[in-house]
Every structure is written in C-alpha cells, then in structure tokens.
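Chemist: Sequences and hints are given; from them, build the entire structure.
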Amino acid sequence: MATTISKPETLFGKRIRRQEDPRLITGTAVYLDDIKMPGMHHACIVRSPHAAAKIRAIDTAAAAGRPGVVAVFTAKDTGHLGAVPCAASLPGLRVPRHDLLARDRVYYVGHPVAVVVATDRYLARDAAEMVEVDYEPLPAVADPEKALAEGAPAVHPEWPGNVAFTFHQEGGNIEQAFSEAEVVVKQRITSQRLIPTALETRGVVADWRPGENSVTLFSSTQIPHLMRTLVAGILGMPENRLRVVTPEVGGGFGSKLNVYAEEALMAFISMRIQKPVKWVESRRENFTCTIHGRGHVDYFELAARRDGVMLGLKLKLIQDLGAYHQLLTPAIPTLSVLMMPGLYKFQNVSADIVGVFTNCVPTDAYRGAGRPEATHGIERMVDILAAELAMDPVEIRLKNFVGNDEFPYTTPTGLSYDSGNYAAPLRKALEQVDYPALRREQAQAREEGRLMGIGVSTYGEICAIGPSPSMPAGGWESATVKIEPTGKVTVLTGASPHGQGEETTFAQVVADELGVPMDDVLVVHGDTSVVQYGIGTFGSRGTAVGGAALFYALQDLKAKVKKFGAMLLDAPAVILSGGSCVDERTGKSVSFAEVAAAAYHAKRLPPATEPGLVSTHFWEPPNFTFPFGAHVVVSEVDRETGDIRIRRYVAVDDCGKIINPLLVDGQVHGGVAQGLGQALWEQAVYDENGQLITGELTDYALPKAHLMPWIESSHTETPSPVNPLGVKGVGEAGTIGCSPAVVNSVVDALSPLGVRHLDMPLTPEKIWKAIQGGQA
Amino acid sequence: MKISGAYTLAVSRDRAFVLLQDPLVLARAMPGCESLERIGPDEYAMKMKMVLASMSGLFDGKVRIADSHPPASFRLIVEGKGKIGFMKGEGVLTLTESATAETPDAASASPACHIQYEGDVQVGGTIAAVGQRLLDTTSRLLIKRFFEKLSGEAASVSHFVA
Chain B
1 MATTISKPET LFGKRIRRQE DPRLITGTAV YLDDIKMPGM HHACIVRSPH
51 AAAKIRAIDT AAAAGRPGVV AVFTAKDTGH LGAVPCAASL PGLRVPRHDL
101 LARDRVYYVG HPVAVVVATD RYLARDAAEM VEVDYEPLPA VADPEKALAE
151 GAPAVHPEWP GNVAFTFHQE GGNIEQAFSE AEVVVKQRIT SQRLIPTALE
201 TRGVVADWRP GENSVTLFSS TQIPHLMRTL VAGILGMPEN RLRVVTPEVG
251 GGFGSKLNVY AEEALMAFIS MRIQKPVKWV ESRRENFTCT IHGRGHVDYF
301 ELAARRDGVM LGLKLKLIQD LGAYHQLLTP AIPTLSVLMM PGLYKFQNVS
351 ADIVGVFTNC VPTDAYRGAG RPEATHGIER MVDILAAELA MDPVEIRLKN
401 FVGNDEFPYT TPTGLSYDSG NYAAPLRKAL EQVDYPALRR EQAQAREEGR
451 LMGIGVSTYG EICAIGPSPS MPAGGWESAT VKIEPTGKVT VLTGASPHGQ
501 GEETTFAQVV ADELGVPMDD VLVVHGDTSV VQYGIGTFGS RGTAVGGAAL
551 FYALQDLKAK VKKFGAMLLD APAVILSGGS CVDERTGKSV SFAEVAAAAY
601 HAKRLPPATE PGLVSTHFWE PPNFTFPFGA HVVVSEVDRE TGDIRIRRYV
651 AVDDCGKIIN PLLVDGQVHG GVAQGLGQAL WEQAVYDENG QLITGELTDY
701 ALPKAHLMPW IESSHTETPS PVNPLGVKGV GEAGTIGCSP AVVNSVVDAL
751 SPLGVRHLDM PLTPEKIWKA IQGGQA
Chain Y
1001 MKISGAYTLA VSRDRAFVLL QDPLVLARAM PGCESLERIG PDEYAMKMKM
1051 VLASMSGLFD GKVRIADSHP PASFRLIVEG KGKIGFMKGE GVLTLTESAT
1101 AETPDAASAS PACHIQYEGD VQVGGTIAAV GQRLLDTTSR LLIKRFFEKL
1151 SGEAASVSHF VA
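Protein chains in written order, with the numbering used here: chain B, 1 to 776; chain Y, 1001 to 1162.
Think of the hints as simulated: they come from the structure by calculation, not from any bench. Treat the hints loosely; a few may be bogus.
Taking lysine-lysine pairs in the DSS-like style, the calculated list, with each CA pair at most 27 Å apart, reads [unchecked claim]:
1) LYS1083/Y / LYS1049/Y
2) LYS1083/Y / LYS766/B
3) LYS1081/Y / LYS1149/Y
4) LYS76/B / LYS1083/Y
5) LYS1047/Y / LYS54/B
Short, incomplete list of chain B residues facing chain Y, as computed with Cβ under 10 Å [to be verified]:
6) HIS50
7) PRO703
8) HIS706
9) PRO709
10) GLU717
Quick caveat, the model's predicted, so the values are computed rather than measured. Idealized CB from N, CA, C, for every residue including glycine.
Modeler: Spelled out as structure tokens, the structure:
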C-alpha cells in the first residue's frame, strides 16, 4: 500500500544560514565579559617584565592598602594548589612544575607573579601597579636554536641544554631510500611563532556558592568538561562541585584548548574572598600570556629518482616549546611527524624531534596544530625537488599521489588514510584557473620582466581527532537527544562549538533523521551541569566525531519513537516520515508531538520500554579522518617594492560529505585568512633578551579585510567510511592548504632570479632583498 | 639596542665635564626628569616620566657614574623601573676639546667641547612589547633634547658666572 506522505526534502547538503548568527550579529549574545553578578570583584594579574629573573622579594603592602582592594595573592597563598597541567606524555619528557603563580623565579615575560583583587576593575589595575617585585634579572634565551647551543642560559636550571625531550620515529628503510636516490634535496624550513589573536581574549568568572559548596566557573574555552576535571584536580575539590559554563566564545583556534593558571586562580580567589570574581585578559596580556602557535625550525631531506618518484623523507624538527608545557605543547610536533609524508606514497621516513625550552610563552595548538608545519614542509620540498629536476610541480605531484585503489592506505608513520581521490581536487583547481594558459601567460610575463608566480599545494590532514588510544583523555564524543513532551527536540552535545556552527548543522541532521522542522531543534552545549561529559571542539572533530555521536543517539531514539508510534497505531511496525509515525499498511499516522506526549504521559507503554524519549550515545571513532585538497595561488610580485599581489586564490577542498556548504565555505575562508597571515605577514618576535617586541596589533600584522584576496572555494566529495555521516572535518583545512600554496607561488615568481626558497612571512622587505640578491 | 652619537657644547671641556655631573643641571636637562637626588658618591636616585608610543609612566631609577676620568670620559649607568616596564642603559661619554663651537657667531672663537657617546639600551615589559619599534627614534630624540637643554644650561650658567 502506498503511503500518503511524500518523502520530505533532506536538509543535508543545503546552504542554510547559521542559527547562531542573529544573536551574534545583533549584539544580544552573551560573552564572558557580559557576565555581571551582584558583589562581583575584579582581578588584575601582576606579571613579570623579565624573561628570566629570580624573585628576591614581593611587597604587596602598598597595593593591599589601596582603595577598593580586598586581597593580594602571591605564590605563598597558592603554593599548596596543584600545577597548570600538561596532558601530553612522551617517553623521557621533562615536565617543569608550572605553578599558578611564580614562586622564586620567572621564566618568561608575562609570567604571573601576583593577583590583586578589588571591587572595581580599574582599582584592581591601579593597585596591581603598586605591587613591588624585587627581581634579579638573569640571562635569557628566546631562540630555540640558540637555546640548544653550547653555553646557552638554562631556562630551567635543573636542565642545562634546554632539551625537554627528543623523539624519534621512522618507517620503511630510510637508509636504503637515500642510498638508492638519484637526487637528494635539502632545505631548512621554518614555521614561525604565531599569536592566535582571537577577537575575544580569554576571561574567567568564578562564583563560589558557599551554601551549595560549589564553584561555577565561566570560561571562554573550547573544552568545558576537560577544564572541569583538570581545574578540580588543581584545586583538590570534588569534580562534581565544580560547574564549568562556556558562554559565547569569540574565537579559539586552539588558544582556548587549554587550561591556564587563571581558571584555577579565579576559582581559588572566589572561595577565599567569598565573592564572585572576574578576570578578563587585556589584549596585551593576550599577546604575551596566551599560548603561541608553530615555532618550528625544520631540516628536510628528500630523496628521489630522476624521473620524479620520491623515495624517502628525513626530518630534523626543532620545536620551540617556550618555558613550560601547556596542555598539549609537546604533542604538537608529533602530529607534524605523523603527517610528514603528505599525500605521497613513498614508504620511507625518519624524523627526529628536539623539543626545546626557551624563555618565551609556551607554544601549543593553533589552527592546524602540527599539520600546517608538516604540509608546509612536504609541499615546499616537492616544489624544490621539481625545480631541481626541472619538472612541472603538478606533474611531480600526480606521479607520487597515493592511488585511488590503495585505500585504506597505511603510511610509513603508521596512519591509515581512510579514503581519497587526491588528483581530483588538483585537477579541478587547475581546470578552474586554466593551468596551461596560466603557464603561457607566465612565460610571456617573464619575457616582459614581470614576476608572476603559480603555486600549488596539495595537502592532506588528520582530522576527527581522534581515537581514544591516541589521545590523553579520550577521543570520543557524546550526544544526548531529548524529545520533549511537546515534541520539541533538545540536543546536548559534548562538543563545544564556538563559531563552527554546529547549532545549525546538528539541527539539520536531527531534522533529517526525525523529520521535524529545524526550528523545533535546540542544540545545547558548554555547560557541564547540563551536558553529559564531552571532550570538546578542536582538531576538526566537532561534526566528524560529535556529529556521529548525535547520529547514533538519534538512531536509538528513532527506534523508541517507532515503538510508541506502533503502539498508538496498533500496528506491528511503523516508519518515520515527515514528522509522523506512519502505518504503511493503512496510511494512518500519529504526529511526533502525539508520540512524545504518549511517551511521557506513559498511560500505556510498549513491551519492555521505559517512559520518556531520551537517548545518549558516546561514540568512539575507529580511526581519524583524512581530508585533502588542492590550493592554487596566482601571484605577482612588484619588482621595485617586493610587494605581493595575490591575483587568484583557488581552494578545492575535499572534506568528505558536506552537511552545509555555506558553513564549510566559512571555515575555508577563515582558515585561508589565518594561513595567509602566516605566509605573508604574521610573526611573533622576541628580542635576544626574551622581550616580545610584537606585543600589539600595530606590531603584529594580522590580515585585514582589505588585504584578503577573493577566495574561489569549491569541493570534491569523497565520503569518509569512518563515521556514518561520511564527513571528515574542515576547520583547519584552509590554513593547512594555504601557506605552501602562497610560498610556492612567490618562489615560482622569483625563480628566474635564482630564488629557491623563502621563509615566512614573505614581507615586502624580505622579497625586495631576495630580488636584489637574485639580480646581483 | 645600541646607541651612539655626538654633540658639541659651547663650553670648555672642563666645564662640560662638571656640568654633566651636576645633579641640578642634569635634573633640569634630562627630558621628563622630575627629581634627581644624590644618594652616594657618583650615585643618584631619579624619578623620570617617560612617554613612548601610546604609553607614559613614571620611572623610579638610579643613575650611576663609573670609570670617571676627568675631564676626558666617564661611564653612565641608568636603571629604572615603572608601571610600564623597566629600562637599563649603559654608555661611555668621551669629551674632547673642540676648536670652536658651532655658533652663529663663528667669528669669535670660543671654547667648545665635543661629546661622543656610545652605549646600549635595553627595555622590558609593556614598554618593550609596545614601544620597541619607536625606541630607536625616541632615544635619539631624548638625547638630542638633553644636549640642547644642557647647551642652554651651559649658556645661562656661563652667563651667570660671567
């Protein structure tokens, strides 16, 4: 018998505007600094102006006597508390104790030394300047290679030499690969220190409620649940007495994938002063005290045959760790090693990481976290090899790609690439720019003395992070779906989206699965007292892991809905269609709301069925996902000024199935902006004394809107077999694909002058010097 | 950051040397100097207002004179800290007799002293993070102002003496 209800159109794959946007763009969203509470006090942190110094004495008397000041805390008050945690572990890793406030020594400019608490933010700030710290300055070292040199100042006196760890990984037979090689190219490639610079700086509000014996901690974070566990550990309080709430987060990019001293400090202070307390990071603090990204010096050697077939890759990786390990600091370069073969099928690799302490703020995950460095390395090396062999950089890539029939493909670094068609996005991008015509134009331009470049990067990345065995604290994600008694649907996700748009994409998935209107779906996240435990949002995992958990929770719930539907219709079985349970034999149906009411009123229950319509699923991914893509950049360099003009930016990304192309485009745009920032403008610079001299937006060159090229974004879709949605993740793709495409393009433009490699950022000054050098 | 330069004062070398070590004169000549107090032989406590880039703040510091070879040279060591960071500077000033001062009135030969300075300045904290790019030009400007004022002091003092 035919049903009377037609199959509704699915929302999967539709360009749907973000549910979150109206509140964000009308100023009605609540960010951390919007939180106000009766009796709320304000904290200001006194920080070291020295990169390395002994603390001889701290005199807080003058500050404590200032108007409005209720307390001043130093390490004497907080010394009994736990340390700022590092979750990463590596064999032989040296982990310096990272106290909440410096005890007798400071290790980087910005190191927290004392906290002043006052009734008003400005009074706290004024009083903080009255705290007298008697420092005995010590020699500092800010450059990782200098820190490794003989006689360098020891960042931590107990570990002269400044080596925090060494890590070796190899696969295949690297010696044989190099002995059989007909050509070996070598290059030192840096991925400079970057400052993540979220629009919203960090901030914490702690609210101790003595009657409830609990603390509510509001924090602008990507990982509310992990923060709850870790901060409870620092404070030595029961985890279930600490509630972490994440308000709207104005950008994280990895810089809020962390637990900082301030979270535990504010909770401690609120308990001590018996009042709510707020701390909001200033922009200058954000520059010096929130983690930086990258900080690589990489020495690559690539072995190949003369026909362009690559045989093996060696890497010596020097990672600037900064003075301490933050949550994942030492783990980031290991991700670079995992992804060092890129999309290519050579089976021989060898990598040695040296993690180096410096008197700088710690590095940690920043958009891409380890993969941009790896991709920049291999994609630059492929171009250098192509130049050495006088081959077309496209041809050499096509020759070395893992083939479409080789998936799942095991890399020499031990990963299993889930699915791929690596030539497809490259071919699509080249078609879009008409590559042969561009090369002809370039030849013409060169004859005219113009410097035109065409750069290609074909990147692979590791996403949907990740299976729990590879993670310090679990790599699964959770979802609870509740069909409320009125039929409205509430989703509680353990992921903690902060701009990725899962309130929209998850609602799309729910709407498709349950057949309810999207507007009936509310996606809730970021409150540990409401949401079951979760891991958080980072590593392009929100949809690829959290979405899969949601999918499975929905399947369980659908089964239960159908049981109630069948009961109400007196049918042996029903189907879900258009928001109703339908008896296919009769065409009779009951609405979702009727089913929900029945499930909660529970006058009758199907056999062996509990009342209510709630389902929770914790989903453990069997593997990572491996998105890929091709970015093509056409550039032109001004011979006189060294200025670079990006004429075209074409990004073809394959992130598996796409739930909402509009949001994917948004992720690509943001990612490319941050990749361009690294390629062209951004660099965190410490002087030789460990002073950060790019400490303000006037000195740290973030990309601005008018500097952005038009991004031509499109996709190929190779579904992932890892999760039921077929999605792979796209949060970091733009950044990862971008920087090598830009540098390859500019080096290509300058190649007639004999330029073979340039390190980022490609400032006009650097380009101009290269042009002068090349012409000399 | 390395700094170096030279200035010519329209006084004799002996006179210039004395002026450069006179706390009252220095306090008036140093831009932003709010007080300079002798706290020991060749050592002074100083309060100084410093403006750099978008910041300004009061510095509490010490000025010390070492390796004094009157009237030919001395070493000046300045250390200060304040709300916006700290600064440390050290340099050698070398004084040589100069034939004439560059005065409009060049015809009348008057004694002059050529002062050569060479040193190193280091700043830390917010002042480094925010102001480093302006440090070079600001230092030059401050030193120029200092010598100009000193020049004025020299003129008025010599007038008074005369």
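Chemist: In ascending order, which of the hints set out earlier in this document are inconsistent with the structure?
Modeler: 2, 7, 8, 9, 10
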